[in-house]
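Participant: Listed below are the residues making up each chain.
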Amino acid sequence: QQPVQSPQAVILREGEDAVINCSSSKALYSVHWYRQKHGEAPVFLMILLKGGEQKGHEKISASFNEKKQQSSLYLTASQLSYSGTYFCGTEQNSGNTPLVFGKGTRLSVIA
Amino acid sequence: KAGVTQTPRYLIKTRGQQVTLSCSPISGHRSVSWYQQTPGQGLQFLFEYFSETQRNKGNFPGRFSGRQFSNSRSEMNVSTLELGDSALYLCASSRSFPGGDYNEQFFGPGTRLTVL
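Each protein sequence line maps, in turn, to chains A and B.
For the first sequence, the residue numbers in the numbering used here are 64 to 174.
For the second sequence, the residue numbers in the numbering used here are 224 to 339.
Read the hints as simulated data drawn from the structure, not as lab findings.
A couple of the hints might just be wrong.
[Stated by the list, open to error] Derived lysine-lysine pairs resembling DSS-like cross-links, with alpha carbons at most 25 Å apart:
1) A/Lys131 - B/Lys236
2) A/Lys100 - A/Lys89
3) A/Lys166 - A/Lys89
4) A/Lys89 - B/Lys236
5) A/Lys130 - A/Lys166
6) A/Lys166 - A/Lys131
It should be emphasised that the depicted structure is a prediction, and the values quoted were computed from it without experimental measurement.
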């Protein structure tokens, strides 16, 4: 079942913060976050695993609330390079079920 | 390390035709997943192949099919094309060992299919 992302779109000025939420009605094993810039492929940002482990490659933080089956991506002190569409992908079982992506949150950072 | 490659990058077809898209995963990756991306719908999962076997399938009609070869390269085929099939088709590869560690996916640049 497709996770629900909110907000659908957000506009920030450089230096402002934003939170993107991803909610699922199913019990999750992991939540994955990707960013896609216009005309490019989605790029991995972070994985949050059941049990609290996080693995990521950028200076972006996130949380995973297992009770609510909800993840939040925190973008602080936003930069112009943060602009793009953010997708969360949810996984129900490790390695055995496909990632199901939300419809995305379009983030625009302006000077 | 070479990334995921997809060919062709752009395709224009007419209704009723069929099309085959190709995806070469990162070396050592055994899982290949295919997604359809259209404006406003996000990434819709088509299917996943692991070690030449289709492991998971999304909610798409039987006109959409795929396969994976022994070198992990994958192809996707769409028969009897419809206007609504116009989309960006992305493939992603991952290590994805069953019961293994996390499942980071690496996406290719996509194939832009236009059906006229």
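Participant: Mind listing which of the numbered hints don't hold for this structure, in increasing order?
Facilitator: Checked against the structure, the hints that fail are numbers 1, 2 and 4, while the rest are satisfied.
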